[in-house]
Amino acid sequence: MKAFEFVMALWQRLGNFVKNGLSIKARLAVGIAVLLMLTLTNAVTVLVGRSLLNHAAEVMADNQEIERLVLEMNYGMQRARRLHSDFFLHAQEIGFAEAHEKYAQPSVRQISQVISLSKTLQKLVEQSVVGEGLHLNHVDVNLYLSFAKRFADTSIEAVEVFTGLHAPIRGMEPQLEGILDEISAELNRGSESFWLFMDMKSHIQEYRISRQRPEMQSAFNVENILVKSVHNDPHVDESRRQKLLSLLDQGRNLAVKILVAETSIKSQLNDFSIQALAVREVSTTLAKMAKKEVEHSQQKIHSIRSLVVNIILMVTLTGVVAAFWLARMFNHSVIRRVDRLTRFAGELREGNLEVLIPEDSGDELGQLARTFNLMSARIRGLVNNLEQKVAQRTDELVVSEGRYRQLFENSSSGVIICEACDEGNDFIVRDCNRAVETIEHISREELIGRRVTAVFPGIQEFGLFAVIQSVWKNGQPRTMALGYYADERVSGWRENAVYKIASGEIVCVYNDRTAEKQAEIEKLAMEVKLQRSRKMEALGLLAGGVAHDLNNILSGIVGFPDILLMNLPQDSELRKPIGIIKDSGQRAAAVVADLLTVARGATGRREQAGLNALVLEYLASPEHLSFVARHPQVECVTRLDPDLPSILCSPVHIKKCIMNLVSNAMESIDGAGRVVLSTSLEHVAGQMARENNVNPGEYAVLHVSDNGKGIQEKDLEHIFEPFYSKKIMGISGTGLGLAVVWNSVVDHGGMIQVKSSPAGTVFSLYFPLAVQGEGDVERSVEPGDFRSRGEKILIVDDEIMLRDLAAAMLSSLGYEVEVAASGEQAVAYCQTQPVDLVLLDMMMEPGINGLETYRQLLARSPNQKAIVVSGYAETDEVTAVQALGAKRFLKKPYSIEQLGRVVRYELDGNLTEI
Amino acid sequence: MVTNKLFCCRSGVLALLLLSSWGCSREPAPFVCTDPIGCVDVAPQDPLQFGVLQALSGQVAPLGLEQLRGIELALTKCQKELLGHPVILQIEDDGCTAEGGANAALKIIADPQAVAILGSTCSGAAVTASAAMASAGLTMISGNNSAPFLTAIGGERAPRWQPGYFRTASNEEVAGKVAAQYVHANLGVRKAATINDGDIYSRGLVEGFEQEFRQLGGDIVLSAAVDKGDAQMQPVLTAVVEAGAQLLFFPLFQPEGNRILLQSKGMAGFGQVVLMSDGALIEKSFLDAVGGEAKGMYFVGPAKANGVLVKALVQDYVATFKAPPSTNYYLGAYDSVNLLFAAIEKVAVKEKDGTLHIGRQALRDALYMTKMFDGVSGRLTCDQFGDCARPIFNVLRLDDPAAGVEGLQTNVQFTNAVQP
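Top to bottom, those sequences are chains R and C.
Residue numbering for the first sequence follows the numbering used here, beginning at 1 and increasing consecutively.
Residue numbering for the second sequence follows the numbering used here, beginning at 1 and increasing consecutively.
If you are wondering where the hints come from, they were derived from the structure by calculation, not from laboratory data.
Don't take each hint at face value.
[Claimed, not checked] The list that follows gives simulated cross-link-like pairs (lysine-lysine, DSBU-like), each with its CA atoms no further than 30 Å apart:
hint	chain 1	residue 1	chain 2	residue 2
1	R	K292	R	K149
2	R	K257	C	K191
3	C	K80	C	K265
4	C	K265	R	K201
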């Protein structure tokens, strides 16, 4: 019981040690080693058992063979003896020859076989496989062999002796019998010798029966007497006596030999008996030993089998227990814990990071569990951190996405993301930014999902489609130089960059360079314009200087005729020359005005006017009438659009343009011809607008065509340049006509199209339509409306003529007029005498100019009204004065009407004329 | 150079150490038997095995028993050990016959571990036994065989001589002569009859007697024989009488000798016939069997040994077997053991573990070379034919049957021993 408890306690401690003290690998190694050891034990047991069984079987087989050999030897020996004995028994009966053949020879053969068996047995016993007992009794085997040999020797010797003794005729016994017969024959019957002989013979016969030597000795004794009797027998002659004595002697010798032979036979028979006894003893011992060895071998085999079976059963049982233990250990140590780890991993996979695995062992799975727990904890930390980071990154991503989205959306470059379809034969728009919408004038919804070739039908002609296909195939980013794209919907200058992104989509980044291109065009135009401006500026400087002086001069020529005419009677003869003076003055003023127009643009007052009306006003003007008069063969035809909207324009300049164009047209016609003035409403957009730098929209167009000789190609580029004229300068033109037309139209925001051929020329003037309410036509006032209402006006001009002209005009209109020759005088006057209005010349010398004068006036009287008068167009100083409050500007030379209107409007606060 | 020398010196020392250690640790060369007829190898603790071939059955058994006792006394003396090995005996009964000797010898020589054979009792058994022994390479030494045929006759090798055969008993070739000389000279016998039993011993003695007697001028009137086991001796005794023999020399064993003696008594014509037998009948059982009928009977037998050793051995005999020895022939057996063991001690090769290797020829040679070995029966010197004892025979006459063997042996009528 204690032993059992001790074993159980030891088992428990071993189990605890294996469970807690060993790693799984070591446990598995121990288990596998145990199983391997048990398997090896089984195998070794089987092998050893098999070897032992084989050995035992061999031993048993050998022992059985020995037993068989011993039995066979015994049988052989016994048979040999029996045959040998039968030889002795039957030799005389059946004859020696037959006895030899029947018994002696088989006996010898039998004993020879026994000898052979003995040798075999001897070899077998000498082998190591026989049992120890038999091995130790090899002496008996040797002895058996020796006995067999001896039997063979002695038996043959005995047969020889027996044969020598009893063989017919040659045998001693027959010979003795023969001698006795001879003696008997020689002896006389009835004689003493005969009777002695018979007595001797009877002893011999007794001997033959008893084989007792004393009988033979008795025969010898009788023979001795017989010999004496023969010697003394008188009935026997000498020869017979000698013969009888000889025969008796022979017979005695034979008898002695027979005795020796018989002794020998007896000895041999005794020998056989001894041998038989010894052999029987040996054979019995050997047989017993062999049988014992067989039994021992059988018992050994049985024991080995039992032992092997028991060992195998025990080992197998131990193996089963070990396997069960290993499986249980593996189940407890590995499978369950792996399941637990799997569940734990599943929990982790499900996101339950709070689960913990019990760390119940220090083995690998325990370490794994600890590692899992650490990992779990770390993952928890990481997850938390990751969530934070994800949130942070998400925020950052949102910000970044927003940033990039904004970048994408707000990029001034158009970005289109498209995906190949039809194996790259077309591309579908997947996304685009707002810039695309802006550039292409199409919404994103209209773009996304549509084929590129459908949205942009001109893309293949544009060349971009091939680039996109190349990038899609090669993945190599490509750029496309600035080009002009146009389809029915959009057009413009595009600069493209195409690349392929990881998703395989193609990104087209492009810029609308139309503005830049227009700017370039404009720049070129500006350069032309600048060139022309510089040219014009030079002209303007020239003309401006001339025009100032001319205007001052012409002011008197134009102004005084009116005063003179007002004071002359209607029938005065002076009226016509004064009228011519006035007209010439006005024409001179017009030339100067053209100069100023070319130099400084059409700066006249803008008002809404119908183009048709202006055409008709011109056609009714004296200038046109004079042209018609000069070109009577030229027919002037109008084709006016009755629904033509009004334009905002300077009618003077427009009519001036019409006059110049009609004049040129008539002059281009040699002989009869036609000049057609037509108007129409046309829409200008696209390239035409951009090329002419006008806003797209509706335009009122005036076409002036003729069927004259046309303008040569080389001249077309220069016809609008000042002083470029094919006419004779001073006779038929000033070289300013088309320049005035060009500047007037451009100043009105319009454009000019010229088409000329040898069949004629067409000038088309495009004027933007007037906006509703803009530049309403000023109501025409009568000069009487410009009259004074008791106001006092101070005229400040350094030119006395102009001071006097202005004073005369204003005085004629009833104004109280004061004059000042300089700005300083005006300021001084106004310090003491307030005036309602100051008519202020800008260019005064010496002293302060008009601007400074006005500043000083304002310093005294901030609400001081003033009208700026200058022979130049609006200058910076004029602008500065206007900024100070003197809004109205009156350009020299002016008429009384012009002066009266401006003064009246300023005094009344009417802003229309501003 | 110095380094090389140092290296050489170190190498030499190392080599010497290795050689010496190899020499010291080397196992002795295993024994290789060079003996021409083989060796007996006796493992440690294994016994030395000797065969004992004696006549232990029949009426000759007392002689065999005495031989056995002599052997036992010798073994007791050496505590049944030789060269550290126990000595065991395989005792076989030869029945005092040739066939018995042959078969008994076979039993002994069948075991190759048999070193030698002690025996036999009877020369007849020795003839066949020695032949078998000799062919097996053993050595045989007898304390009782006396037949001349076994060793030498007339200084020449006897026909039944076998190599390896030795005896401490005297060659009885001399015994016949001594008997003839005595009867011729001292008893005046001129006609003598002899009876043998066909045994080599018996025939040897008879032939020695007849030869010497004839040479002395005597007449062998009858040379008869009996068979062992013959009961009726009248015919042969009649022949003796009718031959006119004055003396009947019948060197027979018991019981044939007994029957000759007893049946001769009261037989007509036998009153004056002197009866003379041999040493085989100088034995207590014979004397006891025939009693007073043997009175006046002559015996020729080996001279009795005397001396301190013999006396001490007798004491041991008596102490051991609780009876006085029936003959002196046990002395020969005793000497044969000592002679054999001495020779073995000379030739045996003993290994450290006690293993013995005994060359068979060496053992024989050692015995042949024995000179002046101090035996209890006298100093033994073995000749080339295996005769080791001095042939000293006495003619004894039984005057007092009651005195027994001792009295008979002391009643010496004639001896061939050199008188001091």
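Verification of the supplied hints:
| no. | hint | result |
| --- | --- | --- |
| 1 | R:K292 <-> R:K149 | holds (27 Å) |
| 2 | R:K257 <-> C:K191 | holds (25 Å) |
| 3 | C:K80 <-> C:K265 | violated (48 Å) |
| 4 | C:K265 <-> R:K201 | holds (29 Å) |
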